[in-house]
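> Here is what each chain is made of, one letter per residue.
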Amino acid sequence: MQYDFTAEQIAWRDEVRAFLKDNATEALIMETLEIGNEGKGPESTKFMAALQKKGWWSLAWPKEFGGMDRDPMDTWIFVDELEKAGVPMMPLTVTSVAPTIMRIGTEEQKAYWIPKIAKGDIDFALGYSEAEAGTDLAAATSKAELKDGKWIVNGQKMWTTMAHMGTHVWTIVRTEPDEPKHKGLSMIIVPLDAPGVTVTPIMVWPGLRTNAVFFDNVEVPEAYQMGQRGMGFYYAAMALNFERLSLGSIAMAHRSFKLVVEVVKEATFDGQALKDDPWIRERVGRIQMEIDAARLMTLETAWALQGGGMPIAESSMSKIYASELTQNITDLCTQILGMSGQLHFSDKSTLGQGWMQWLYRLAPMFAFGGGTNEVQRDIIGFMGLGLPKPSSKKLVKPGTKS
Amino acid sequence: MHPVPTDDQEAILHEIRKFLTKSVDADKCMAWEKEPGSAVSALKSSVAELGWFGYSAPEDVGGSEAGFVDLSLLYEELGRGLLPLQVINYMRGVQAVVDLDPKCSLLNNLTTAEKTICLSFDEEFNRLPENYDVKIEGDAVYGRKCYVLNAESADYHLVAAKEKGGLSLVVVENKDLKFQPLKTMADDSQAHVDYSGAKVIARLGDAGNGKEAFDKMWLNQRLLALSEMLGSMFCVLDTTVDYIKERWQFGQPIALFQAVRHQTADMATTVTACRHLTRQAITRTVAGTVESTEVLSALAYVGQAYKKVCWAGHHLHGGTGFVVEHPMHWHSERAQSYCIRYTPEAPFLKAITAKLLD
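Protein sequence lines correspond, in order, to chains A and B.
At position 38 of the first sequence the residue is numbered 38 (our numbering), and the sequence of numbers has no breaks.
At position 112 of the second sequence the residue is numbered 112 (our numbering), and the sequence of numbers has no breaks.
Take the hints with a grain of salt, since some may be wrong.
Said to hold, decoys possible - Mimicking DSS-like on lysine-lysine, the simulated pairs with C-alpha atoms at most 27 Å apart in a straight line are:
id, chain 1, residue 1, chain 2, residue 2
1, A, K265, B, K183
2, A, K348, A, K393
3, B, K135, A, K348
4, A, K258, B, K350
5, A, K40, B, K211
6, A, K394, B, K245
7, A, K348, B, K178
8, B, K350, B, K211
9, A, K84, B, K350
10, B, K308, B, K211
11, A, K348, B, K175
To be clear, the hints were calculated from the coordinates, so they are not data collected in a lab.
Excised from the complex, chain B in its bound form:
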């Protein structure tokens, strides 16, 4: 067992952190929020230069061929450094293509960020692929997908839809699609999308045979979400510890009050539990050594814990952390948005229980 990054990994993480500290700060985030798309314009080319879009893609399609554990450590830093969600979601799009078909020719342009792709899976009242209503008929997609991140700005949409009684994964161009933009908590450029005969330009896997590949890809998306959440928690904890040492009330730093120290200690304990659960889930998934509830426990626990850590951070910062210029709210927004999208507690608790009882 070696539950911390190796020295080589630490060295890479240091460089990633350096870039993010230099490129992302609260003032920039505020400005990017006011002008949709500006974060992507500001960061896309430098992130592409660093090779992050194709971090785990094969070299012959422009990737860096990093392993999934290294990829997850990159995502920890993205969460810690608050890389704007629009950029992260484009990276996630490329990763999904890599997971589904690492030889896909579209990757040549996706890894360099000349083209971008978004993931179009959820439907208004359906999240499980077996219940999807959106269909592929002939070589065209019909129906309405919902809560699609970067839907309006992405060049391509990776759509999961019903075909031949099974699930297919196809790519369509962002051409003549109808959008209903959404105003969301994390301000993360979501929209409902109507595909009325959008032409399929690429297939990732065989028609009607994509369920297994989809599940594996979606599990990877969830695991990367855990990593982002963990990195964000590291940041919230560090920021809070710094703040309570600086903030004086009643003639002393508030860090000297037992009630404050205890809350910070609880935050640290929770983050430690999340660190172990997340990194175990990822490394054992990669190694193929998952025995029982390791992954399920991480998926059920980390998201809920993330919200609690953020709320404790908010609480201990008081008004200072409540203003829009302070980064704390971006962490809190991501906490609930990520829980809802990637790690809703209920299905994983049910799955854990089923493993134990059924």
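With the rest of the complex left out, here is chain A:
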């Protein structure tokens, strides 16, 4: 048993750090705060181009698709360093959609879509949720009918982040209305510039933009339906599984915490050095302790993936732990910063770059987004601990008469 990185992994981490030292500019970090770590602005476009040039864009892709075939531990190290540096995360097009196409697409579909994604010509927004189908994704009612070799798509998607900047939406729609709800959905790609697509902004609390996307008799080529018909729900789950490495990451909160620690080392309020305040010392220690635990939980997910496993319960634990810890970290650190803790990152007077105030507003989303923590707790129960699945059927206690 060992917890240390190997010499190769340390060398890889240092290589990523050296790259970030040159490319994680102040302008990029500020832009990331303004538009979110999934956003696309001039600085992030430059940064992504630099990643592409290094070949890191398709870091974890198999070599046959032009990737570097880096293993999950290397990928974890890469994602961790990116988040700690405060730069944008890798687009879900690359880390989630592309690997799914590689698994479910026909040879023609792979040959058509993967090279375009690799070049950065295609950028997907994810169209899963609907107004009445959030956590209950299988309740989606947006539909597509096949007519004369074309899919006619109608309906509405919610929380479609990136739809105002992407080229296509990767979406699940009901194609088999007579099948049970989980088996009636298919995965379809809809070009965002197709006639009948309308994207309207939804602004959320941290000042970021997401979207509602409306489909009104949108015509899509038959070949844009991916994998088997009726399997869309499972493909969406597969795509989400590819996100598991970044789901429970604590790196962004860790980075912000380190900036606050620097403030604590230097600042004096009411004549007392913050670092001498027992209340602050206890809390700083507690946060670091919990960050240490959270990092190990995500590392275990990477380690299990490395061994060929699918650590579903482990990544659910990671997600719950990190999302709830992030809320606590932002809350405590905002208080530690005192009156300055309420300042926006764009304010010149702010201490610790204002990350904590921004994260404070973003943090609730980590707990209800990406599969609510309630659902994650259910997953831990039945997939991790072998507890019975929640059921709506009336059960009969063994040994009793029905």
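Based on the hints, put chain B in the right spot on chain A.
Quick look at chain B alone, frame taken from chain A:
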């Protein structure tokens, strides 16, 4: 013991709630946020007509002479109804003057809102009056105050500053002051202010002798913050309970899921604890019957609990409560802003511990 408002108080609260429901909604709040000062323009005169600016001020300066308990119930409703912070902060300014000098002649114009006043106390790295750097020399104020709410728009600034080795409380006009506007979480019109010889136009108490009066006034500000927080929590809880009954997932209202019910039950339990702590702290302060940690416990607990209730509300609303059009974020922003300004946990926990151990 009678831990709930009387029938008379309930009747008044009903009227206050009616006004706020009619005058403040999410669409209006969104519009007010886009145009600084518009909330005050829209509401100032009707709030003045209701007598809220001078709610506890003496009648001869235009006040309604309400007691502090009634005032605190008004503030509960302001928190519940999300009266814009700019308006509340002007009300707080008047209340501070009432607490410091109820006979102050400026109150005649402040209670009618013909003039407005802001509170200028904090400094960049000093919150305790004994550490202030801002000074009064002759009849002028010198130095820099920070995080001043409504600093740019208020007609007057009530400044706490060092003088003659002690603390003085003075009023200066908003004339030739230099401002550094701040962008804050609650979008509540704060600024740093430079007073380079701003002339004192009124004194609230004797020169250098204001520490005791300041502490009493500031305690009242904190207690009113507790009331606002409590009212806001009532609203978050009610909104969340309504939402989980309406929101269906997996073929049923999410209120039927045990995990959701338990969180709502925890919210309700926390709000109940806050209700008792807040109202006890206020009524016993007014009655002069504080024996030990009653006020300190309220100040340490309620703010932290407020944030937890707001976060649970956010969580149970999911994406619906995360959009800027939904009121939930205004409650959450106030939660942390109020904790930082009025009820930081650490000093009150330390004070409780000191009472027990020292």
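> Hint numbers the structure violates, sorted upward?
2, 5, 9 and 10
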